[in-house]
Amino acid sequence: MADIFTAAFWNQYGALLWKEFIHTMVMTGVSTVFAYLIGLPLGVLLVLTADHGIRPHRILNQIVGWIINVGRSLPFIILMISIMDFTKLIVGTKIGVKGAIVPLVVSAAPFIARMVETSLAEVDAGVIEAAQSMGASTFQIVWKVYLPEAKPSLILGCSISIITILAYTAIAGAVGAGGLGDLAIRYGYNRRVASMLLVTIVILVLLVQIIQSVFSRLSTSIDKRLK
Amino acid sequence: MSEPIIQVRHLTKTFGEGETAVHALDDISLDVHPGEIYGIIGLSGAGKSTLVRCLNLLERPTSGSVMVDGSEMTRLSDKELRLARRNVTMIFQSFNLLMQRTCLKNVCFPMELSGVHKAKAEARARELLEIVGLADKADAYPAQLSGGQKQRVAIARALATDPKVLLCDEATSALDPTTTASILSLLKDLNQKLGVTVVVITHQMSVIEEICTRVAILDGGKIAEEGEVTDIFSNPKTDAARRLVYPGGVGENLLSGSRTIRVAFNGGTAYQPLIASLAIDCGVKVNILGADTHNIDGKAYGSMLLGLPEDENEAAKALSYIRSQPYVTAEEVESHG
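Going line by line, the protein sequences match chains P and B. Under numbering that gives the first Met the number 0, think of the first position of the first sequence as 0, with each following residue one higher. Under numbering that gives the first Met the number 0, think of the first position of the second sequence as 0, with each following residue one higher.
Since the hints were made in silico from the structure, they are not lab data. Be aware that a few hints might be false.
Covered stretches of chain B, as calculated for chain P (at least 3 residues, CB under 8 Å) [stated by the list, open to error]:
1. 80-93
2. 108-120
Under the rule of at most 27 Å between Cα atoms (straight-line distance), these lysine-lysine pairs were calculated in the DSSO-like manner [unchecked claim]:
3. B/Lys-236 with P/Lys-143
4. P/Lys-143 with B/Lys-136
5. B/Lys-117 with B/Lys-163
Cβ atoms here follow ideal geometry from the backbone N, Cα and C, with glycine treated the same way.
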């Protein structure tokens, strides 16, 4: 495995590693954005329609909760192959980076909805009541109270979501999505290029460490409760 | 007398249904007049928090009517209710400030909700912070403030929409006696300067005594007694009132016979010397029938129930001596023997 320190290794695989690294970043980034576009409103909806929420609606709450639970109970790889036709319908292909984004979003959105729900539930009910007593509308309470007050927690949740999606991209690699996971399997496992496996592992570990520390610091630095 | 600004009629609030139903409020009727400071007192579970939340419809009454400033709150649409709430604002025991906003932005918040222009809102918020004595804390965050300061910011915020009524839900219950006194005097001040009607919910008789003109005693979801604070203090008619007025849960049997006075301590120097010096200076001995006093930072708060001597002269001497003391008020209570 010492060949990772040789120029020959990097000449042979460097460009490929870079390309697939970018693919991983794109899959993770784009999927996170779209998963939040779906998951965030769902999480808000769960909090608002809960029994003690500001717009209690038991039936809607249960339906949304049930859909989220179904989404969360399917292992990613099963979900990925079972929605392939849907994926093709949306992005026109079942494979590659594009083909991976759809199942990544579908899988991460319910997870994110629960993360958002937990973060918003931490906002002091008294503060919500105060906003109501001042005549705030539901939209104003969400936009001006729930989201800003939960921001530090939402940011921490975001790091967990990104890291989860990053892990899913590696699984997606197993079924032809590209990215670092794909490299690890094709070269590291199938072709027994142990160095390739090692490099992808190192990159993934570093990525997770960087994401976690950046978001943790961000969360702490914006949290005005700590000063 | 002027038209009541708050008029509650036959208000009931029931939580749950059937056998497990809890009747939190049972046929409550009361009037609050413009410019007064009205107290609602009761022990925990008496329904006072529910009652105050029925005044701004944070809780929807099960039945009955709530008129505030001429509009029937229970019949307003959601949108009308939101507008009406700007006129009946509220402060809370736990302050409920937005923790991620500066004090200035907290005070701006209700104005933001009603679409006041940002610059105008900030100018007004600075004025309000000045009024509550926190002009220098405009850019501080709530986490950097003491409890009393937080409540001042909350008061400034509650005044931002120029309300006619300010509801105070156990606003001083989380504060120490010295801070409580300063918040109460601020409320009194605002009531006099701005003419805002104040409704105070509390379980502390001292709060009522300090600032209220009239009081309703809530017990088991009903109004046990209502009237001028001085009347209720000197002559509580119901058990619920006596439990609150008389310190240490003095039973009615103790009150028969000789004249009894209730002495309130409002932050003077320690209370023990009063009884001792009464004996030394006047040669009068009194019975302590009950006491609920606290010595905080060397200052006395609370009240005591004293049995005066049978002798009329001695009793009068004792009473005038006690009344001459600073930070002490005394009133005679009628016996119920």
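Hints versus structure:
Counting residues of the region 80-93 of chain B whose beta-carbon sits less than 8 Å from any beta-carbon of chain P gives 10, enough to reach three: the coverage restraint holds. With 5 residues having a beta carbon nearer than 8 Å to a beta carbon of chain P, the region 108-120 of chain B meets the requirement of three or more and the stated coverage holds. For a cut-off of 27 Å, the pair hint linking B/Lys-236 to P/Lys-143 is broken: about 49 Å separates their Cα positions. With a CA separation close to 22 Å, the supplied pair P/Lys-143 and B/Lys-136 stays within the 27 Å bound.
For the proposed pair B/Lys-117 and B/Lys-163, the alpha carbon gap of about 23 Å is at most 27 Å, so the pair holds.
This entry does not satisfy hint 3, going by the numbered hints stated previously; all others are met.
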